[in-house]
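Residue numbers (this note's numbering), protein chains in the order written: chain A, 11 to 248; chain B, 90 to 394.
It should be emphasised that the hints constitute simulated quantities derived from the structure, not laboratory data. All C-beta atoms in this analysis are idealised placements derived from N, C-alpha and C, irrespective of residue type, glycine included. Heads up, some of the hints might be wrong.
[Unchecked claim] If you want a taste of the chain A side facing chain B, the calculated C-beta under 10 Å gives, among others:
| id | residue |
| --- | --- |
| 1 | Leu83 |
| 2 | Arg88 |
| 3 | Val89 |
| 4 | Arg90 |
| 5 | Val96 |
| 6 | Asp110 |
| 7 | Asn111 |
| 8 | Gly116 |
| 9 | Pro136 |
| 10 | Lys139 |
| 11 | Arg142 |
Below are the chains, spelled out letter by letter.
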Amino acid sequence: MIARPLLQVTRLGCHYGPIQALDDVSLTVGDGELVALVGANGAGKTTLLRAVSGVQPASAGAILFDGVDITTLAAERRVRLGIIQVPEGRQVLGPMTVEDNLTLGGYSRTRAEVADTLEQVYAMFPVLKERRGQAAGILSGGQQQMLAIARGLMARPRILLLDEPSMGLSPILVDEVFEKVAAQKAQGTTIFLVEQNAFLALSVADRAYVLEAGKVILSDTGEALKTNEKVKAAYLGL
Amino acid sequence: MAGKPLFLQWLLISVLAEFLQFLFSGVTIGATYALVGLGFAIIYNASHVINFAQGEFVMISGMSTVSLLAVGMPLPVALLLAVGITVVVGVALEKFAVEPARNASVVTLIIITIGASIFLRGAAEVIWGRDFHSVPAFSGSEPIIIGGAALLPQSLWVIGATVVVIIALRWFFGRTRTGKAMLATSYNPLVARLMGINTRFILSLSFGLAAMLGALAGILIAPISLTYPSVGVMLGLKGFCAAILGGLGNPMGAILGGLIVGVSEAMTAGYISSAYKDAVAFVIILVVLVMIPNGLFGVKGTERV
Numbered sequence: 011m012i013a014r015p016l017l018q019v020t021r022l023g024c025h026y027g028p029i030q031a032l033d034d035v036s037l038t039v040g041d042g043e044l045v046a047l048v049g050a051n052g053a054g055k056t057t058l059l060r061a062v063s064g065v066q067p068a069s070a071g072a073i074l075f076d077g078v079d080i081t082t083l084a085a086e087r088r089v090r091l092g093i094i095q096v097p098e099g100r101q102v103l104g105p106m107t108v109e110d111n112l113t114l115g116g117y118s119r120t121r122a123e124v125a126d127t128l129e130q131v132y133a134m135f136p137v138l139k140e141r142r143g144q145a146a147g148i149l150s151g152g153q154q155q156m157l158a159i160a161r162g163l164m165a166r167p168r169i170l171l172l173d174e175p176s177m178g179l180s181p182i183l184v185d186e187v188f189e190k191v192a193a194q195k196a197q198g199t200t201i202f203l204v205e206q207n208a209f210l211a212l213s214v215a216d217r218a219y220v221l222e223a224g225k226v227i228l229s230d231t232g233e234a235l236k237t238n239e240k241v242k243a244a245y246l247g248l
Numbered sequence: 090m091a092g093k094p095l096f097l098q099w100l101l102i103s104v105l106a107e108f109l110q111f112l113f114s115g116v117t118i119g120a121t122y123a124l125v126g127l128g129f130a131i132i133y134n135a136s137h138v139i140n141f142a143q144g145e146f147v148m149i150s151g152m153s154t155v156s157l158l159a160v161g162m163p164l165p166v167a168l169l170l171a172v173g174i175t176v177v178v179g180v181a182l183e184k185f186a187v188e189p190a191r192n193a194s195v196v197t198l199i200i201i202t203i204g205a206s207i208f209l210r211g212a213a214e215v216i217w218g219r220d221f222h223s224v225p226a227f228s229g230s231e232p233i234i235i236g237g238a239a240l241l242p243q244s245l246w247v248i249g250a251t252v253v254v255i256i257a258l259r260w261f262f263g264r265t266r267t268g269k270a271m272l273a274t275s276y277n278p279l280v281a282r283l284m285g286i287n288t289r290f291i292l293s294l295s296f297g298l299a300a301m302l303g304a305l306a307g308i309l310i311a312p313i314s315l316t317y318p319s320v321g322v323m324l325g326l327k328g329f330c331a332a333i334l335g336g337l338g339n340p341m342g343a344i345l346g347g348l349i350v351g352v353s354e355a356m357t358a359g360y361i362s363s364a365y366k367d368a369v370a371f372v373i374i375l376v377v378l379v380m381i382p383n384g385l386f387g388v389k390g391t392e393r394v
C-alpha cells in the first residue's frame with residue numbers, strides 16, 4: 011500500500027537541446043517513504059532530480075507536490091515548500107566556513123528557526139560543530155558529504171532529494187552516511203534517493219524505480235527488485 | 090661654508106615634496122580606480138560577465154550632479170540623487186539588456202555591455218551635450234600643505250569615502266545574509282539556487298551595487314577632473330585594469346590594483362612625462378596578462394568538471 015502521495019511526477023519529459031534526457035517518466039513518492047531511483051550512469055537520474063528542484067525545465071508532463079502543480083514554479087519557491095536537494099558530488103561552498111555553509115542552507119527560513127535547527131544539526135553531526143569555523147573545502151570527502159546532507163537538513167526538508175550520496179566514499183563512510191539517512195527517515199522525513207550503488211539503495215528503500223535511457227522500466231518494493239532477475243543481471247552484477 | 094649642506098638639504102626637501110605631491114595625486118585617482126574596479130569584481134563574481142559599461146556609471150553620476158545643481162538643488166542632495174539615478178540605470182541595464190539574454194554565452198553578455206556603454210555615452214551626449222562641466226568641491230578648495238606638498242580637501246574626501254566603502258563592503262559580504270548569498274552565488278550558482286537563493290535577484294543586486302560604486306567614484310572625482318560624456322571611457326578601462334591586476338573577482342585585489350595603477354600613473358606623469366600617463370595602465374594590463382594571468386591575488390582559473 012502506498013502512503014499519501016507527496017511528490018507525483020506525471021509523464022515528465024526533459025530535453026537538453028535536441029537530446030531527450032527523460033521520456034514519459036511517471037513516479038510517486040509517498041509521505042514518509044524512502045523511495046530509491048536506480049539506474050546506470052546517464053540514465054537521467056540527476057536530470058529528474060534537477061527537474062523536481064526546478065533547475066531544469068520540463069518539456070512535457072507535470073510535477074505535483076502535496077497536490078499542488080509546481081511544474082513551472084521557480085527553484086527558490088520550491089525550496090520554501092520544503093523540496094530540498096543535496097546535489098551530486100557534495101558541492102560544498104569551499105571557501106566559506108562550515109557554519110556559513112549551514113546557515114546558508116537555511117536561507118529560506120527565519121534567523122531564529124535557523125539558529126534552532128543549527129543546534130539540532132550540530133548534535134547530529136558533532137564533527138561539523140568541531141570544525142564550524144574552518145573552510146568547508148579543507149574537510150575530508152566524508153565530512154563534506156555529511157556537511158552537504160546537514161546543509162540540506164537546515165532547510166527543514168519535507169522531501170529530501172539525495173543525489174548519489176555514496177559517490178567517492180569508502181565503504182565505512184558510506185555506511186555512516188546511510189545511517190544518517192535512515193535516521194532522517196525514522197524522524198518522518200520523506201526521502202527520494204538516487205543511487206548508482208543499486209544494492210545499497212534497494213536495501214534501504216521502501217520502494218524503488220529503475221530508470222533506463224530516460225524511461226522508467228521497472229518499479230516495485232526494494233526487496234522485490236533485489237531478487238528481480240533483470241535487475242540482478244544489469245545492476246547488481248549477480 | 091654652510092652653503093653646500095644647506096643646498097643639499099633644500100634639494101632633499103624639494104625632492105621629497107615632489108614625491109609626496111605625486112603620491113597624493115596617485116592615491117586619489119587610484120582610489121577612484123579602486124571603486125570602479127570593485128564594480129567589475131562584484132558583477133564578475135555574480136555572473137562571470139565583465140561589465141564594460143562600468144565607466145558609464147561614473148559618467149552618469151557626474152553629469153547628473155551637474156544637472157541637479159543647475160536646477161538649484163543643494164550639493165549634498167544633488168550628490169545623493171545622482172547616485173540614486175545611477176543605481177536605477179545600473180539595475181535597468183541588467184533587467185533590460187543582460188537578463189533577456191541570460192541563457193546566452195558569457196562572451197555575448199560582455200558584448201552586450203559594450204553595446205550598452207556606447208548607448209549610454211550617446212544618450213549622455215544627446216541629453217547633456219559634449220561640453221566639459223565642473224562640480225564644486227565638497228568642502229572648499231584651499232589646499233592643505235603637508236611636507237611641502239599640496240593636498241586638496243577633495244582628495245581627502247575621495248580617500249576617506251573609499252575607506253568607508255571598503256569597510257562597508259567587508260561587513261556586507263562577511264556578516265549579512267544577502268552578502269553571503271551573493272558570495273555563495275559566485276562560488277556555485279547551482280547550489281545557491283538549490284539553497285533557495287534567488288540568483289536573478291542577486292544578479293540585479295550586483296549591477297545595482299556596481300553602479301553605486303561607479304557613481305560614488307563619479308561624484309568624488311568630478312570636482313577634481315571635470316566631467317563630460319566620455320569621461321567614463323578611460324576611468325572604466327583603468328578600473329578594469331585595476332580589477333585584472335588584483336585578480337578578477339577578488340574585491341580586495343581590485344582595491345590594491347587601483348592604488349598601484351593610480352600611483353604608477355602619477356609617478357610616470359611626474360617623473361617622465363604626462364604624455365605617457367594613460368599608457369601606464371595598459372602596459373600594466375599587458376604585463377599582467379602575459380606574466381601573471383590570474384593577477385596578484387586571483388585564484389587559478391581551473392574549471393571543475
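Quick rundown of the hints versus the structure:
Taking 10 Å as the C-beta contact cut-off toward chain B, the hint placing Leu83/A at the interface is violated, the least distance being around 12 Å. Nearest Cβ of chain B to the Cβ of Arg88/A: about 8 Å, under the 10 Å cut. The hint holds. Taken as an interface hint, Val89/A checks out: its beta carbon lies about 3 Å from the nearest beta carbon of chain B, inside 10 Å. Below 10 Å, beta-carbon pairs count as interface contacts, and Arg90/A has one with chain B at about 6 Å; its hint therefore holds.
With a cut of 10 Å, the hint placing Val96/A at the interface with chain B holds, because the nearest CB-to-CB distance is about 8 Å. This hint holds: Asp110/A has a C-beta 6 Å from the nearest C-beta of chain B, less than the 10 Å allowed. With a cut of 10 Å, the hint placing Asn111/A at the interface with chain B holds, because the nearest CB-to-CB distance is about 9 Å. The interface hint given for Gly116/A holds, since its Cβ lies 8 Å from the closest Cβ of chain B, which is under the 10 Å cut-off.
Checking Pro136/A against chain B: minimum C-beta separation of about 23 Å lies over 10 Å; hint violated. Interface restraint check: Lys139/A against chain B, minimum CB-CB distance 19 Å, threshold 10 Å, status violated. Interface hint status for Arg142/A: violated, as the beta-carbon distance to the closest one in chain B is roughly 15 Å, over 10 Å.
When held up to the earlier numbered hints, the structure conflicts with 1, 9, 10 and 11 and fits the remainder.
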